[in-house]
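S.K.: For reference, the chains in residue letters:
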Amino acid sequence: MSLHDPFDPNLRTTACNCGHHDSQTEHDADLHETEKLNSRVLQSTVMRALFPQDAERRRFLSAVGASTAWAAISSLIPFGTLEAMAQEKGSLEKKDLKIGFIPITCASPLLMADPLGFYKKQGLNVTMVKTAGWALIRDKVQNREYDASHMLAPMPIAMSMGIGSNPMPLNVATIQNTNGQAITLHVKHKDKRDPKMWKGFKFAVPFEFSMHNFLLRYYVAEHGLDPDKDIQIRVVPPPEMVANLRAGNLDGYLSPDPFNQRAVYDEVGFLHLLSRDLWDGHPCCSFGVPTDFIQQNPNTFAALYRAILTAAAMARDPKNRPLMAEVLSPANYLNQPKTVLEQVLSGKFADGLGNVQNVPNRVDFDPFPWYSMAVWILSQMKRWGYIKGEVRYQDIAEKVYLLTDARKRMAEIGMTPPKADSQKFKVMGKEFDYTKPDAYINSFAIKRT
Amino acid sequence: MRSEFLKAALISLLLFLIFIGAWHMATLPKESATLAGANAEYAALMGKGAEKSGGFPPPAEVGRAFVTYLSDPFYDRGPNDKGIAIQLAHSLGRVGMGFFLAVLVALPLGFAIGMSPLLTRALDPFIQVLKPVSPLAWMPLALYTLKDSSVSGVFVIFICSIWPMLINTAFGVASVRRDWLNVARTLEVRPLRKAFLVILPAAAPTILTGMRISMGIAWLVIVAAEMLVGGTGIGYFVWNEWNNLALPNVIFAITMIGVVGMLLDMVFGRLQKLVTYRE
Numbered sequence: 020m021s022l023h024d025p026f027d028p029n030l031r032t033t034a035c036n037c038g039h040h041d042s043q044t045e046h047d048a049d050l051h052e053t054e055k056l057n058s059r060v061l062q063s064t065v066m067r068a069l070f071p072q073d074a075e076r077r078r079f080l081s082a083v084g085a086s087t088a089w090a091a092i093s094s095l096i097p098f099g100t101l102e103a104m105a106q107e108k109g110s111l112e113k114k115d116l117k118i119g120f121i122p123i124t125c126a127s128p129l130l131m132a133d134p135l136g137f138y139k140k141q142g143l144n145v146t147m148v149k150t151a152g153w154a155l156i157r158d159k160v161q162n163r164e165y166d167a168s169h170m171l172a173p174m175p176i177a178m179s180m181g182i183g184s185n186p187m188p189l190n191v192a193t194i195q196n197t198n199g200q201a202i203t204l205h206v207k208h209k210d211k212r213d214p215k216m217w218k219g220f221k222f223a224v225p226f227e228f229s230m231h232n233f234l235l236r237y238y239v240a241e242h243g244l245d246p247d248k249d250i251q252i253r254v255v256p257p258p259e260m261v262a263n264l265r266a267g268n269l270d271g272y273l274s275p276d277p278f279n280q281r282a283v284y285d286e287v288g289f290l291h292l293l294s295r296d297l298w299d300g301h302p303c304c305s306f307g308v309p310t311d312f313i314q315q316n317p318n319t320f321a322a323l324y325r326a327i328l329t330a331a332a333m334a335r336d337p338k339n340r341p342l343m344a345e346v347l348s349p350a351n352y353l354n355q356p357k358t359v360l361e362q363v364l365s366g367k368f369a370d371g372l373g374n375v376q377n378v379p380n381r382v383d384f385d386p387f388p389w390y391s392m393a394v395w396i397l398s399q400m401k402r403w404g405y406i407k408g409e410v411r412y413q414d415i416a417e418k419v420y421l422l423t424d425a426r427k428r429m430a431e432i433g434m435t436p437p438k439a440d441s442q443k444f445k446v447m448g449k450e451f452d453y454t455k456p457d458a459y460i461n462s463f464a465i466k467r468t
Numbered sequence: 172m173r174s175e176f177l178k179a180a181l182i183s184l185l186l187f188l189i190f191i192g193a194w195h196m197a198t199l200p201k202e203s204a205t206l207a208g209a210n211a212e213y214a215a216l217m218g219k220g221a222e223k224s225g226g227f228p229p230p231a232e233v234g235r236a237f238v239t240y241l242s243d244p245f246y247d248r249g250p251n252d253k254g255i256a257i258q259l260a261h262s263l264g265r266v267g268m269g270f271f272l273a274v275l276v277a278l279p280l281g282f283a284i285g286m287s288p289l290l291t292r293a294l295d296p297f298i299q300v301l302k303p304v305s306p307l308a309w310m311p312l313a314l315y316t317l318k319d320s321s322v323s324g325v326f327v328i329f330i331c332s333i334w335p336m337l338i339n340t341a342f343g344v345a346s347v348r349r350d351w352l353n354v355a356r357t358l359e360v361r362p363l364r365k366a367f368l369v370i371l372p373a374a375a376p377t378i379l380t381g382m383r384i385s386m387g388i389a390w391l392v393i394v395a396a397e398m399l400v401g402g403t404g405i406g407y408f409v410w411n412e413w414n415n416l417a418l419p420n421v422i423f424a425i426t427m428i429g430v431v432g433m434l435l436d437m438v439f440g441r442l443q444k445l446v447t448y449r450e
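Protein chains in written order, with this note's numbering: chain A, 20 to 468; chain B, 172 to 450.
So here's chain B without its partners, still in its complex pose (with noise of 0.2 Å):
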């Protein structure tokens, strides 16, 4: 188990070095053979001889960015330009409040729905219909009914991140053990308290999954969203980068936002096994 372990880690590790290397060859700096003819005063205005990045940026240069924005995360130079952990934060905060609200809904209507066969027929198609939903799609409709951006970026990942939340709550609650709810009912246990001791644990796991499925969809939302909204956030930072054509800078983004999606599933993963029960 252990060598296997140390294997896997040494082939993700070559996997990655080759992955460097091939990027670093294909980006090597070609011989500017465009200057013949042309005079010196052209060339400095397009800034050639100078640090131009031209083309994809080779892995030195993305590596610099790194070193340059995690060397100080918590800068703030005026509104627009702050260092990558504030703007991670921002973004976390949206998500962490979208998710909240979404979990306060989700939870409890889809324990409803689970109960009653009636109330799954009836709200399907609803569920059916908003769920394919793409987030920006929501956007202006929530900017111009919200009247407020952080408001409508927050709507938005409430309004995504609901649906698999409240159809795994709905399916774990609806395949609870018959025996487990016919001993509850021959105990004559109250419904809160079989709501509660019966069916949230039987049904913990499946809703876990259906939380941690919503919270991928979210942190996925809300990158698109601050990038149409702006003003705070990794979205934002990445199109602000976009806008300066800094592939480096977007380059870090992308990893961070990988690193950190990455971060809120393993909280997950590990709920999930806390709530895991063998049968």
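Just chain A, same shape as in the assembly (with noise of 0.2 Å):
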């Protein structure tokens, strides 16, 4: 490929590849400016599409001049744009995003980005905007009072699809976390661990389209229940949940972390089980951009995808954990008792049985989004009837889920992303085949399909 002058007519084609230098390592060495770079990437690119034969390409620059040829062919071709697209660190289109949360710890990478300083040294000005519920956030994302926001991972494929709201299409740019969350019980149903013991029992989840709702369900409905029939699943926002535990209103949730925690620590509730045991390495939460506004401010994305990514490397390792248990407890963030966070976060904790249990993944920060994540998603919600009919799954999932752009940024940032796009996973000991989802649905017995 020519990285050189393609308007020098005495182009050689020995020696290195653009026949300017003597070898390819001269060349090479030549090379360093990315921006200077990428328009010759372009340029070169446009010159071989219009002139395919070298010879008559070299005759056309010979005849006209450079300069001449560059006029006529930029004039006919917008490089600027392609330029702008092709230069990833090109001017930010927007510089001041507003992007929504509930406060949760899934939301930490994108939160401790803010005090980190990773929006910043992208260049961006971002207003966190701490939220009621999730009803809100899909209003206010459908309202563009948010340019993007943290949202519950089945929440961008139901609202592209139009499910629960008009249709508007969305992107998953990264999974916020993984695991994560748990089934917390009041402290007076210590005696039932059994859920068969569960009829009549009032739940929360935080939305209809979140990984709490489909999990909760699958549990439930693994132990015989049927979750429309047998208990009872109401919606309430995550931060009401632990007031309503206490007010005895719920008999137990499952929901976010750090309300599973905070219960067992107001001593109202404990754990009866983590999230992790029923899927390890679920998604939970995820990072989700209306698709116009990638279309239309392509660098401001990119400078966010790097800085929430960068934010989710560090949440990974164990190490950062206590340092994100302290920028995330203050009010204007997550609110909460550091030790709370602390618990929830080093997966050493107390789960309101009198135990002090240690489970380093209770919590993950894996931001790659996987599709096989989007189909077991959409699985779920043709089990449970929320949608009807025949279902594309892995369209929806590839045109939801951003996966290719997450595994260039991943590896711009020295992040190493996996190499497949989907795999095989186990919810409860039973595999989840992604190629065969409609015969995973039939595989039930408690379905409404």
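Note that these hints are calculated values from the structure, not bench results.
The reader is advised that the hints may include incorrect statements.
[Said to hold, decoys possible] One side only, chain A facing chain B, incomplete, derived with CB under 8 Å: (1) 146; (2) 149; (3) 162; (4) 349; (5) 350; (6) 355.
[As the list claims (entries may be wrong)] Okay, the calculated bits of chain B under chain A, using three or more residues with CB under 8 Å as the criterion: (7) 243-254; (8) 317-329; (9) 397-403.
C-beta: ideal position from N, C-alpha, C; glycine also.
Two chains, two separate frames, one set of hints: put the complex together.
M.R.: If you want it as structure tokens, here you go:
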């Protein structure tokens, strides 16, 4: 590939691949400026596309002169735009961004990027706005009050498909966190550890289109309870769950931390089970961005991507967890006692039953948006009747989850993204084959299809 | 008269002291007997021994919350954590805006309704149906159609505070003494002049009563609306502290809401006195 001036009529075809240097090493050393490199790549690609024959191109260039050729071609082709698209570090289209979040540990990467200055480093001025519930997040994203937002992993899928809202194309840039949820029961139910004894219980989940709802349904259904008939599942915003549990309004909930640990800390609940015991490595929250925002602000989006991935990489390292508890505990972010956050993030915690447990992967922050995660989410949405009829699982997953982008950006900042696009995994010991979601749904006894 | 006032103040103070005393007694820390057998590590993770509020906060703790927040009312630690004065200013701004819009609509409309028995009858069913709707019921509709949460907040204030003003204005205008209107007619006063110089002063006390009730409702509504919409304001402050189950701060906020509500009511009480007349 020629990376030097493609308008130079005196190109040699020997030595290096552009013909300007005596050797390839000399050539490579010359190409250090990325921006220059980018525009060269573009220019040569265009020149080569216009004149596929080397001899013909040279004849054209020596006949009209390089600058005339350049002027003629650039009048036809918007090089500026093309370059902006190719140059990731180009100028930011929008610097002041508003991002919504729910005060839960799932939002850690998004949140910590603010006090640790990762957004600033990318030239962004981000305002993190605390929001009262997921329905409000949905509305504020639809109203364009937020440029992007912390969202539950199924929300961008549901919103893109227009389920539970007007259709609005959204993308999942990264998964925010994996694991990190739990089933908390009221202390009065300490002797009712078997789900079969839960008939008539009132449970809360943060939102209909949440992993919490799907995992809780899956869990009770595996124990023979019909989640629509034998128990009651209510939608309660996470921050209000502990207060409701204390008031006896709820028997338990499957909710994001820190509200599980907070219930233990306030001696109103105990941890029945961590969500990692259901599906180790399940996604929970994601970073959702409207598709048109990405199209209109490619550079801003790229910068945002880098900031969040940097934070995610940092959050994955157990060494950094105490620091995270420190920066996230003030009222501006999670507004929780530091010791509660430490227990959630370090995985060394009191379970409310008198034991100290040590589960280092209680929460993790793997940002990679596997397609197979989206397919599983869709399979559960179909299983419980949220979507009817034929579902094009793979198409929707590929449209909503920005896996290729995530892989590229992860590599850019030195993370090692997985090579595969999808993977098989087990939920409560049962394998999920992402190539056969319909067969998977049919294999369940309790379903709504 | 003077001694009456002193006596009342004394009784108020006494009641307050009894209340605080009873509260203090009721929230005296109990001996923690739960730790028998449990190991020290578990206790530490549960926050025992450290500063942790168990149960309802004692008055001293609430007092500390008062001191902390009132000593620095203007701090700004990011978009989700601002001082109490800033929060109250946001709430008052929203209330003022919604209330002002409600006045703009309610007074002319109330005049029209009050002067025409036909309009009164025609609009009555609508007013009766819309009046009792709770502010929070309007919120989803407002968010969906107005597509902006702060505008929705103002709208909810507007829609809830308009009714008492509208009804009172109409009533006040309709019940202006016939004699005065007849006098105005004999003197051939033009309609506009009649409205401003005869009807308005005559109906002013009733109108202001309506405004006073409206302002009370607006202040009630703002807290609920801000708890729902979030972002800024005293309602958001309560919600944020509720998330952290920080009851001392919630009690502090409740007191502030009460005090500000009282001040607003006093302002309208004064205005009311200004326009009251004796026949």
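S.K.: Compare the structure with each hint and give your call.
M.R.: Do the hints match the structure? See the list:
no.: 1; hint: 146; in the structure: holds, 5 Å
no.: 2; hint: 149; in the structure: holds, 4 Å
no.: 3; hint: 162; in the structure: holds, 4 Å
no.: 4; hint: 349; in the structure: holds, 7 Å
no.: 5; hint: 350; in the structure: holds, 4 Å
no.: 6; hint: 355; in the structure: holds, 6 Å
no.: 7; hint: 243-254; in the structure: holds (count 5)
no.: 8; hint: 317-329; in the structure: holds (count 3)
no.: 9; hint: 397-403; in the structure: holds (count 5)
The structure meets every hint from the earlier list without exception.
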